[in-house]
Amino acid sequence: IPKDSFRDITFKYVSDDKTRYQYLVRGDGNVVLSGISLTKTEYLRQHGPQNMQIIDSAGTNVSYICFNFKEPHLAQLKVRQAIAQAIDIPGLLKYRIGGFGYRSTGILAPAHAEYYEADVERYEFDRAKAERLLDEAGYPRKGPGGWRFTLSFKTTTEKFGNEMARLLANEIRQVGIDVQLDVVEAGTFFADINAG
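Residue numbers (the working numbering): 46 to 241.
Hints are computed from structural coordinates only; laboratory data are not their basis.
If you're wondering where the values come from, they're calculated on a predicted model, not measured in any experiment.
Be careful, since some hints might not be right.
Claimed, not checked - With a straight-line cut-off of 27 Å between C-alpha atoms, the simulated DSSO-like cross-links for lysine-lysine are:
#1 139 - 85
#2 174 - 139
#3 139 - 199
#4 85 - 57
As the list claims (entries may be wrong) - Using C-beta positions, here's what the derived DEER-type ranges look like:
#5 186 - 64: 43 to 49 Å
#6 208 - 92: 21 to 27 Å
#7 206 - 159: 26 to 32 Å
The C-beta atom is built at its ideal place from N, Cα and C for all residues, glycine as well.
Turn these sequences into a full structure, and let the hints guide you.
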């Protein structure tokens, strides 16, 4: 692109997914970076304007659960292992993000080659084993299909993170842990994290 082909670049923050989509399709915006849902992106791939280009590349976004060890249940290793085994990560990758991701081994992606560690212990999806671990930890179900205990799962109103939190909570509930979502604004979320 010749350097004098444009004079200004305007960055505009648009918080709503539908509005970002409309800006792009109407031509009010020229570039959107990771800002449109997978459903809308797939629709644009198949039905979008001919002059629109969608470029896929590896990213470094990570979704994870952070445990507060001050919570007595989560202070126990077997409970954390059970939660790890209760979550169908391959299913979430396939159905929630359309195969556009992979199971991470930590907070860093393979793109950070000098610091990436691929050889880490993994907990494969196994709800029966998760149930056994919770029993061994001293938290049997209270009656057939009953709850073992309750946990609070804090998340933000940000769409992707909020939806992922709801899916994860549902996965964990399958093994008898009553997960209550606590949805707060991002500022409150980070203040609460810093406060422990």
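Violated hints - listed by number, lowest first: Per hint list: zero violations.
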